[in-house]
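Go ahead and model the full structure; you've got the sequences and the hints to work with.
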Amino acid sequence: MKNRTLSEIARDVLETEAQALQTLADRISPDFDRAVTLLDTCRGRILVTGMGKSGLIGRKIAATFSSTGAPAAFVHPAEALHGDLGMITAQDLVLSLSRSGETEELLRMVPYFQQLGLPHITLTGRPGSTLSRTADISLDVSVTREACPLQLAPTASTTATLAMGDALAVALMELRGFQPQAFATLHPGGNLGRRLLTHVGACMRTHDLPTLAPETPIHEVIHTISAGRLGLAVVTAGGDIAGIITDGDVRRAMERLHASFFQLQAADLMTPHPVCISPETRLPEAAGIMQQRKINSLLVSRHNRLLGVIQIYDLAI
Numbered sequence: 010m011k012n013r014t015l016s017e018i019a020r021d022v023l024e025t026e027a028q029a030l031q032t033l034a035d036r037i038s039p040d041f042d043r044a045v046t047l048l049d050t051c052r053g054r055i056l057v058t059g060m061g062k063s064g065l066i067g068r069k070i071a072a073t074f075s076s077t078g079a080p081a082a083f084v085h086p087a088e089a090l091h092g093d094l095g096m097i098t099a100q101d102l103v104l105s106l107s108r109s110g111e112t113e114e115l116l117r118m119v120p121y122f123q124q125l126g127l128p129h130i131t132l133t134g135r136p137g138s139t140l141s142r143t144a145d146i147s148l149d150v151s152v153t154r155e156a157c158p159l160q161l162a163p164t165a166s167t168t169a170t171l172a173m174g175d176a177l178a179v180a181l182m183e184l185r186g187f188q189p190q191a192f193a194t195l196h197p198g199g200n201l202g203r204r205l206l207t208h209v210g211a212c213m214r215t216h217d218l219p220t221l222a223p224e225t226p227i228h229e230v231i232h233t234i235s236a237g238r239l240g241l242a243v244v245t246a247g248g249d250i251a252g253i254i255t256d257g258d259v260r261r262a263m264e265r266l267h268a269s270f271f272q273l274q275a276a277d278l279m280t281p282h283p284v285c286i287s288p289e290t291r292l293p294e295a296a297g298i299m300q301q302r303k304i305n306s307l308l309v310s311r312h313n314r315l316l317g318v319i320q321i322y323d324l325a326i
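Heads up: the sequence shown begins at 10 in the numbering used here, then just goes up one per residue.
Worth flagging that the hints you see were computed from the coordinates, not collected in a lab. Note that CB positions come from ideal geometry on N, CA and C, so glycine has one too. There could be a bad hint or two in this list.
To be verified - Computed spacing ranges between beta-carbons, pair by pair:
1) Q28 to Q124: 36 to 42 Å
2) A236 to T207: 24 to 30 Å
3) Q100 to L15: 48 to 54 Å
4) R142 to D42: 16 to 22 Å
5) A99 to I298: 42 to 48 Å
6) D35 to Q100: 16 to 22 Å
7) L125 to Q160: 33 to 39 Å
8) Y121 to L15: 46 to 52 Å
9) E183 to Q28: 23 to 29 Å
10) Q124 to D35: 53 to 59 Å
Have a look at this one:
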């Protein structure tokens, strides 16, 4: 062990924790489905509790639930036993974390949970432990070994517990149909939240847009696309959008037509009725349209009048 390089130690830690997660995934059972269904019935808060390292993991799990639309709070067991039990209501649900399943402070809280009739889910490394027997549902997050060479510091076990918490939160999120707009509403101060809330009109390109008439000869079409630096040109007639020509359209036509290529006009190459969106469209929706249509650009318009162009590179979400 002492002869290992630092890189070898790092690799062993990561491989140990990765194996713990794979084993955890292989153990997913109907109890997981039952746990998520129980979480979905909660009309109060999901109260996450745990001591020591489990408590630190619990804080993150509670934050993940809250940020994905399921109100949650972390309850410190020691503080709860000294007055914070008063924050718990009959509408809440308890998610307790304990590697041993024998954490004294958690076990002392159980009678209060039972008195209120609270649903109780536990994540424990010992399925037959006292704590697991008191819970409505106990999910096994045990690991065969820790990444710590002394097998003392919680490492792989805390990773497994955190991952199971993430799995519960994401499954509940999908069960409830939690959408990007709701996520953005809960994250207004962050960069991601701002992007999710932003409309296309705030990001679209509006200056020097490459436009041309249907009768524009092909050599001018090529020049317009190159000068516009968007990889496209918009064909307009009487101020209305008539079609779009991309640099790919030009290349394919050149390969197909050879000598007759230079006799073409814009109308011969354009794709009529291109996909357009309004400036009020939110960025995630615009990204979804591009992904579905397998295109990199969208025209932004109102009443079929070109207002701007937005590309996948402008979204960055």
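These are the hints, each one checked on the structure:
Taken as a hint, the range 36 to 42 Å holds for the pair Q28 and Q124, whose Cβ atoms sit roughly 41 Å apart. Distance hint for A236 and T207: a CB-CB separation of about 28 Å, consistent with the stated range 24 to 30 Å. For the hinted restraint 48 to 54 Å between Q100 and L15, the CB-CB distance of approximately 50 Å keeps it satisfied. At about 21 Å, the beta-carbon gap between R142 and D42 stays in the expected band of 16 to 22 Å.
A beta carbon spacing of about 46 Å between A99 and I298 agrees with the range 42 to 48 Å that was offered as a hint. A C-beta distance of roughly 35 Å is found between D35 and Q100, which places it outside the suggested range of 16 to 22 Å. For L125 paired with Q160, a C-beta distance near 38 Å keeps the hint of 33 to 39 Å intact. Taking the beta carbon of each, Y121 and L15 are about 47 Å apart, inside 46 to 52 Å as hinted.
The hint said 23 to 29 Å for the Cβ distance between E183 and Q28, and at roughly 26 Å that hint holds. Taken as a hint, the range 53 to 59 Å is violated for the pair Q124 and D35, whose Cβ atoms sit roughly 37 Å apart.
Of the numbered hints stated above, those contradicted by the structure are hints 6, 10, listed in ascending order.
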